[in-house]
Amino acid sequence: MTSPSHQDRNDRRTLLLAIIAAGVVPGRTAAAHTLEPAPINGFELPEPKALQVASLHTHTGAPFSLRDLGGRWSLVFFGFTNCPDVCPTTLADLRRVRAAIGNANEAVPNRVLFVTIDPARDTDARLAEYVARFGPGVTAINGSASAIKVFADQFRVKYEIAANGKATKGGYLFDHTASVSLVGPDARLHAIFTLPLRVTAVADDVLRIHAKHRAGICPSISGRNETLSCTARTV
Amino acid sequence: MTTIRTGVALLAVAMLSACDSSNDSGPPLVAETFRNPPEVRSAGGELRTLLNVATGPVQVGGQTVTTTVYNGMYIPPVLRLRPGDTLFLDIDNRSSDPTNLHLHGLNVSPRINSDATVGDNIFVSVDPANRLSYRIAIPSTHNPGLYWYHTHLHMLAQRQVMGGLSGGLIIDGILDPLPQLQGLVERVMLLKDIQVTAQGTVPDDISPSSPSIRMVNGQVNPTLSIRPGETQFFRIANIGSDVYYRLRLDGHVFHEIARDGNRATQLTTRQEILIPPSSRAEVLVQAASPGSFALRAQAFNTGPAGDSYDATIIATLIAQGPPVTPITLPSVLPAVEDFRTLPIARQRTITFTESSDGNTFYIDSGNGAKQFDANVIDSTIVQGTVEEWTILNATQELHTFHIHQTDFQVTEINGVAQPFLGHQDNVNLPYQGQETPAPGQVKVIIDFRNPIIVGKFVYHCHILEHEDGGMMAVAEVVPPPTLAPLTMAGRFMKVMNQVVGPSDAERAARAEETLKAVQAGSYCRTEPAKPRVRVTRADRLAQSAPLQRPQLDRGNEGGAVAVR
Numbered sequence: 001m002t003s004p005s006h007q008d009r010n011d012r013r014t015l016l017l018a019i020i021a022a023g024v025v026p027g028r029t030a031a032a033h034t035l036e037p038a039p040i041n042g043f044e045l046p047e048p049k050a051l052q053v054a055s056l057h058t059h060t061g062a063p064f065s066l067r068d069l070g071g072r073w074s075l076v077f078f079g080f081t082n083c084p085d086v087c088p089t090t091l092a093d094l095r096r097v098r099a100a101i102g103n104a105n106e107a108v109p110n111r112v113l114f115v116t117i118d119p120a121r122d123t124d125a126r127l128a129e130y131v132a133r134f135g136p137g138v139t140a141i142n143g144s145a146s147a148i149k150v151f152a153d154q155f156r157v158k159y160e161i162a163a164n165g166k167a168t169k170g171g172y173l174f175d176h177t178a179s180v181s182l183v184g185p186d187a188r189l190h191a192i193f194t195l196p197l198r199v200t201a202v203a204d205d206v207l208r209i210h211a212k213h214r215a216g217i218c219p220s221i222s223g224r225n226e227t228l229s230c231t232a233r234t235v
Numbered sequence: 001m002t003t004i005r006t007g008v009a010l011l012a013v014a015m016l017s018a019c020d021s022s023n024d025s026g027p028p029l030v031a032e033t034f035r036n037p038p039e040v041r042s043a044g045g046e047l048r049t050l051l052n053v054a055t056g057p058v059q060v061g062g063q064t065v066t067t068t069v070y071n072g073m074y075i076p077p078v079l080r081l082r083p084g085d086t087l088f089l090d091i092d093n094r095s096s097d098p099t100n101l102h103l104h105g106l107n108v109s110p111r112i113n114s115d116a117t118v119g120d121n122i123f124v125s126v127d128p129a130n131r132l133s134y135r136i137a138i139p140s141t142h143n144p145g146l147y148w149y150h151t152h153l154h155m156l157a158q159r160q161v162m163g164g165l166s167g168g169l170i171i172d173g174i175l176d177p178l179p180q181l182q183g184l185v186e187r188v189m190l191l192k193d194i195q196v197t198a199q200g201t202v203p204d205d206i207s208p209s210s211p212s213i214r215m216v217n218g219q220v221n222p223t224l225s226i227r228p229g230e231t232q233f234f235r236i237a238n239i240g241s242d243v244y245y246r247l248r249l250d251g252h253v254f255h256e257i258a259r260d261g262n263r264a265t266q267l268t269t270r271q272e273i274l275i276p277p278s279s280r281a282e283v284l285v286q287a288a289s290p291g292s293f294a295l296r297a298q299a300f301n302t303g304p305a306g307d308s309y310d311a312t313i314i315a316t317l318i319a320q321g322p323p324v325t326p327i328t329l330p331s332v333l334p335a336v337e338d339f340r341t342l343p344i345a346r347q348r349t350i351t352f353t354e355s356s357d358g359n360t361f362y363i364d365s366g367n368g369a370k371q372f373d374a375n376v377i378d379s380t381i382v383q384g385t386v387e388e389w390t391i392l393n394a395t396q397e398l399h400t401f402h403i404h405q406t407d408f409q410v411t412e413i414n415g416v417a418q419p420f421l422g423h424q425d426n427v428n429l430p431y432q433g434q435e436t437p438a439p440g441q442v443k444v445i446i447d448f449r450n451p452i453i454v455g456k457f458v459y460h461c462h463i464l465e466h467e468d469g470g471m472m473a474v475a476e477v478v479p480p481p482t483l484a485p486l487t488m489a490g491r492f493m494k495v496m497n498q499v500v501g502p503s504d505a506e507r508a509a510r511a512e513e514t515l516k517a518v519q520a521g522s523y524c525r526t527e528p529a530k531p532r533v534r535v536t537r538a539d540r541l542a543q544s545a546p547l548q549r550p551q552l553d554r555g556n557e558g559g560a561v562a563v564r
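Order-wise, the sequence lines are chains V and P. Residues 1 to 235, numbered by the numbering used here, are exactly what the first sequence covers, in order. Residues 1 to 564, numbered by the numbering used here, are exactly what the second sequence covers, in order.
Source of the hints: derived by calculation from the structure; they are not laboratory data. Be aware that one or more of the hints could be misleading.
Once the Cα atoms are required to be at most 30 Å apart in a straight line, the calculated DSBU-like pairs of lysine-lysine come out as [said to hold, decoys possible]:
1) P:Lys516 - P:Lys370
2) V:Lys158 - V:Lys49
3) V:Lys212 - P:Lys370
4) V:Lys149 - V:Lys49
5) V:Lys158 - P:Lys443
6) V:Lys212 - P:Lys443
7) P:Lys516 - V:Lys149
8) V:Lys212 - V:Lys49
9) V:Lys49 - P:Lys516
10) P:Lys370 - P:Lys443
This structure is a prediction, so every number in the text was calculated from the model and none was measured.
Work out the full structure: start from the sequences and follow the hints.
Right, here's the structure in full:
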């Protein structure tokens, strides 16, 4: 099992352990035991995960690089335009999430990225028509099958043509991961929202994570800003 | 097969009885074969353990079975903790199927923790060759008692649990307030059954009525020794997939002290105890005069559309040795909160239904009968409240209602008010026509006040054939509007964890494991559920009169999950 190693602890940790042992912090030595669950339906990564982008482009044909991935908050969904329900439903929900974020704080730039998992059928033109149905602020991402897979793998998103898909009217369907990933202005993966999306809750979470990110990740303690392990990142 | 084993057991009991009368000066003591399960115990406020999930040959019921188990053991270690402890548990999946974990009955968080460990969350999936770290913080106020853990992966749960992926969990301290009950011999009795094919494997398509080997701690009819007059503490859990146990102990009564990890309001003396799938009964047994006494699972039928289980002897109690003076059993137990005194914030009606062929299962939470869909919230509940649910069984077989993360109080069964005996997390639902022509009805009051249960979890039938067939629904407990999402204390502890917790590399690895499990749990498939061919059951239904199932003849009876 995972067993915390003490070898790579730095001096700061040692110092704080000593403080705890001295009784400054009440309770047992294992301070982490009382951690609260993250207030999110899904998974908020303790440390945002770095991502890589290669050989992708948007539905307008413009190249889509790592720099393009950053710069604002992105709600990323992997799907396909022939998807009968979960894709359009989620994109519709994300439109409402964006509206809720905008109503709460217009200064939080955000967008939706719809990454196709079906580049064989989803042409740029088809993607442009598709994302236009879900209002402004939705960008489709396309590329070769291999480039999309490399991108999806980083999110641990999986997909494959459904075994019984060939019998459907539209040709085939995909089995696929259906969740929404939150990528920050730092082009890092911050959180996964599992379905169904609660619009207000997701918007609140985005705003909270945005505030945390802006503050350099560390929260305020006793009225002063701690800077321990704070690493405000930008691309 | 079962008949032969029962016969052998009876012969053994007869031989034991003969031994008892063979020597007037005091018969030699019969050797006890019963063994408590192995256990791992917390120390210093935490229990760190690993469960390897792997497929291989194990000895079960006297034969070799190739099946998937924890740590190579059909009966894995009992996890023994105390209130306030933290369970650190890793699942290392070396099998060929995905799996996950549920801490059955614990009132703990269903969420993913802020350090990327996972709470009691059944929406994640640990794929083959993957590993996942769980961290379960057990509140200091948690009820002591008998619980269990098991895999909870939808559509695989029945086969995985039957195959061996379940074990016991004890929160110590249930007898602490009762001085006269200190020092009793404790018997942890985990009831588990398995069906074995001719090839020595667990069937791919399990029909619960098929013969199974029913065991206690993986032992067929073990003998337990007790002195005449002695009181022992039997902690009995049904950790199998489908089978009901209606237990009777020849010549004895059960004094039930707790149900489903909840100490009762009073000691209740019973001739027999019904233990539906997932339920636990903790009882005191006072030995009678010397002799052998069979602990019997009596024949049981779950209804015209249900399953039948033959009678069998699951253990034998041998009262022997010098007698002792029976202790006086407590007449009063510590008080338990009566939920009927609390304001009811909302009433709901939850209806269990199934298809006319009895092979597809639904729950109607007020928005129509539907199969389980992890991406749909069926009941939204405000944390801090108490609700009354009326649960209807509109089928002709028994179901069991179980809800995660909390407990409830049964107030009414088929219109008859129930005495207040305590709380539970599982209740049997009488079938339509069992007592009245109307659907079976159970009213419960459910406690949603505990703030740590905020999040998404499920309620379902704990006959796992039915759960896998769709009889499961999603509840989400949402915080009241005024509750801050993360307290200052929580923020402080989060920083402390970053400082004194695992290294950056360990945190990153754990986060990656959890990311994989969350995404794997969000995987949507288009293929239909495996057809469940149950010829004997269909035959029974075909011979019975047509049933009134107004909402069942829908287009999705083929068992398809939502098409994505």
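Q. Within a Cα-Cα threshold of 30 Å, do P:Lys516 and P:Lys370 meet the stated pairing?
A. It holds: about 28 Å lies between the C-alpha atoms, which stays within 30 Å.
Q. Regarding the pair P:Lys370 and P:Lys443, is the alpha-carbon distance no greater than 30 Å?
A. Holds - the C-alpha atoms of P:Lys443 and P:Lys370 are around 21 Å apart, at most 30 Å.
(Q) Tell me if the straight-line CA distance from V:Lys158 to V:Lys49 falls inside 30 Å. (A) holds (18 Å)
Q) Regarding the pair V:Lys149 and V:Lys49, is the alpha-carbon distance no greater than 30 Å? A) holds (17 Å)
Q.
Against the 30 Å threshold, does the CA-CA distance of V:Lys158 and P:Lys443 hold or violate the hint?
A. violated (42 Å)
Q | Restraint check for P:Lys516 with V:Lys149, where alpha carbons must lie at most 30 Å apart | A | Measuring from Cα to Cα gives roughly 15 Å; hence the hint holds.
Q. If you draw a straight line from the CA of V:Lys49 to the CA of P:Lys516, is it 30 Å or shorter?
A. holds (13 Å)
Q | V:Lys212 paired with V:Lys49 [C-alpha distance capped at 30 Å] | A | At roughly 15 Å apart (the allowed maximum being 30 Å), V:Lys49 and V:Lys212 satisfy the hint.
Q.
With the threshold set at 30 Å, check whether the alpha-carbon distance from V:Lys212 to P:Lys443 stays at or below it.
A. violated (45 Å)
(Q) Check the hint pairing V:Lys212 with P:Lys370 against an upper bound of 30 Å on the C-alpha distance. (A) Between V:Lys212 and P:Lys370 the Cα gap is close to 40 Å, so the pair fails against 30 Å, i.e. violated.
When the structure is compared with the earlier hints, violations turn up for hints 3, 5 and 6 and for no others.
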